[in-house]
Amino acid sequence: NAGVTQTPKFQVLKTGQSMTLQCAQDMNHEYMSWYRQDPGMGLRLIHYSVGAGITDQGEVPNGYNVSRSTTEDFPLRLLSAAPSQTSVYFCASSYSLAGGRETQYFGPGTRLLVL
Amino acid sequence: QQQVKQSPQSLIVQKGGISIINCAYENTAFDYFPWYQQFPGKGPALLIAIRPDVSEKKEGRFTISFNKSAKQFSLHIMDSQPGDSATYFCAAPSFNQGGKLIFGQGTELSVKP
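Chains as they are written, first to last, in our numbering: chain A, 1 to 115; chain B, 1 to 113.
In isolation and in its complexed conformation, chain B is listed as follows (with noise of 0.2 Å):
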């Protein structure tokens, strides 16, 4: 069963400061990276994506970094909010399954105030 790994499971960041989340992937049928945003008792929500034409993307606060050669990819979020606290999700699309998403097992951030 493909699989995505997500480290750490959790991380606490004090306001202010860089969070770090990573992923590593198995072989996909496309290049395509997304993360979602789940606060508690919330379905989970896109929060950004990155296609292979680029090995960085940045939207605000939210920067994805993708390493094809490495297969791994990370979300780094600057400047910290409390309000960031949620779990993230890493995802990317199958191999040999018409290129489902399979997602990372989750990190949940606290950033203390």
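With the rest of the complex left out, here is chain A (with noise of 0.2 Å):
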């Protein structure tokens, strides 16, 4: 198995311009999510999803958009890029959300750089 996978690796976009963060899991797992990760603020939850169809917003998620229309594909849709959104993107899947007792399983990050 791949386990989770995300693309691209690193991009960098000008202000206002828009993209997709593109994640995917083989393990035929319900629960995926979507994290930023910034200096001395940690893993912080973008948007979440417990099922195809179904999404969910976190603790951060102005700015960007997720659709679930199976169960391995969630992409992250920056709608118009700020300079604040420059961050590093993980996305992350579990079997179940079972109250967060289900281990997680994280891809290897997008470096996302706003000039």
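There may be inaccurate statements among the hints.
To be verified - Dumping the calculated SDA-like pairs for lysine to any residue here, alpha-carbon to alpha-carbon at most 25 Å:
no.	chain 1	residue 1	chain 2	residue 2
1	B	Lys42	A	His29
2	B	Lys42	A	Glu72
3	B	Lys42	A	Met41
4	B	Lys42	A	Pro75
5	B	Lys42	A	Ser96
6	B	Lys112	A	Pro75
7	B	Lys42	A	Gly16
8	B	Lys42	A	Gly53
Claimed, not checked - Quick partial rundown of chain B residues pointing at chain A, CB under 10 Å, derived from the structure:
no.	residue
9	Val4
10	Gln6
11	Phe30
12	Tyr32
13	Pro34
14	Lys42
15	Pro44
16	Ala45
17	Leu46
18	Phe66
19	Ala70
20	Lys71
21	Leu101
22	Ile102
23	Gly104
FYI, nobody ran anything at the bench for these hints, they're computed from the structure. Idealized CB from N, CA, C, for every residue including glycine.
Fit chain to chain and form the complex, with the hints in mind.
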């Protein structure tokens, strides 16, 4: 199994541009989520999904959209990039939400720089 | 917004020493406290986790201690090695968000040879 894969690994955007960060998992996990990691801030939840067709907002959802049309894929869209969205983005998946007790498997991350 | 407070933010330990990282949490719906380890350029990965039926869990050189009354838990790394140099995150299930994990701010550990 490839686990959780993310593309691209690194991206530079100009302010106002849009882009989609791709995330896929091959473990048949129901729960998928997006985090951003910033120095001193830990991992903050952006959006999450408990199954195909079901998404919800996390702690820092503004400026981001998600959709979940299949179990495998969970793309994150930046509608109009801002310098404050410069960060490292991680996608994660787990078998279920289960009150947070399931192991979350993280992808390798996407480094985004917004100029 | 529920928080998990982690300290210290950074830690330097000599090889063979003990590394200690502490976390404090607010109310949780479930007593389950994992620690994730992240090497530079990689995604976090589960290191060790504790459930409420025990106050301590040990796996090799890694031990979690849990104090429910104080709402605190800690990670101890015995005989720290340079290969342990990484960022460590504690986490706790949220109280009012279906148990989604809330992560601490992270501790950057550097073990000097």
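Evaluation of the provided hints:
no.: 1; hint: B:Lys42 x A:His29; in the structure: holds (21 Å)
no.: 2; hint: B:Lys42 x A:Glu72; in the structure: holds (21 Å)
no.: 3; hint: B:Lys42 x A:Met41; in the structure: holds (17 Å)
no.: 4; hint: B:Lys42 x A:Pro75; in the structure: holds (19 Å)
no.: 5; hint: B:Lys42 x A:Ser96; in the structure: holds (23 Å)
no.: 6; hint: B:Lys112 x A:Pro75; in the structure: violated (40 Å)
no.: 7; hint: B:Lys42 x A:Gly16; in the structure: violated (28 Å)
no.: 8; hint: B:Lys42 x A:Gly53; in the structure: violated (29 Å)
no.: 9; hint: Val4; in the structure: holds (8 Å)
no.: 10; hint: Gln6; in the structure: holds (7 Å)
no.: 11; hint: Phe30; in the structure: holds (4 Å)
no.: 12; hint: Tyr32; in the structure: holds (5 Å)
no.: 13; hint: Pro34; in the structure: holds (8 Å)
no.: 14; hint: Lys42; in the structure: holds (6 Å)
no.: 15; hint: Pro44; in the structure: holds (5 Å)
no.: 16; hint: Ala45; in the structure: holds (7 Å)
no.: 17; hint: Leu46; in the structure: holds (5 Å)
no.: 18; hint: Phe66; in the structure: violated (15 Å)
no.: 19; hint: Ala70; in the structure: violated (20 Å)
no.: 20; hint: Lys71; in the structure: violated (16 Å)
no.: 21; hint: Leu101; in the structure: holds (5 Å)
no.: 22; hint: Ile102; in the structure: holds (8 Å)
no.: 23; hint: Gly104; in the structure: holds (6 Å)
Hint violations for this structure: numbers 6, 7, 8, 18, 19, 20, all remaining hints satisfied.
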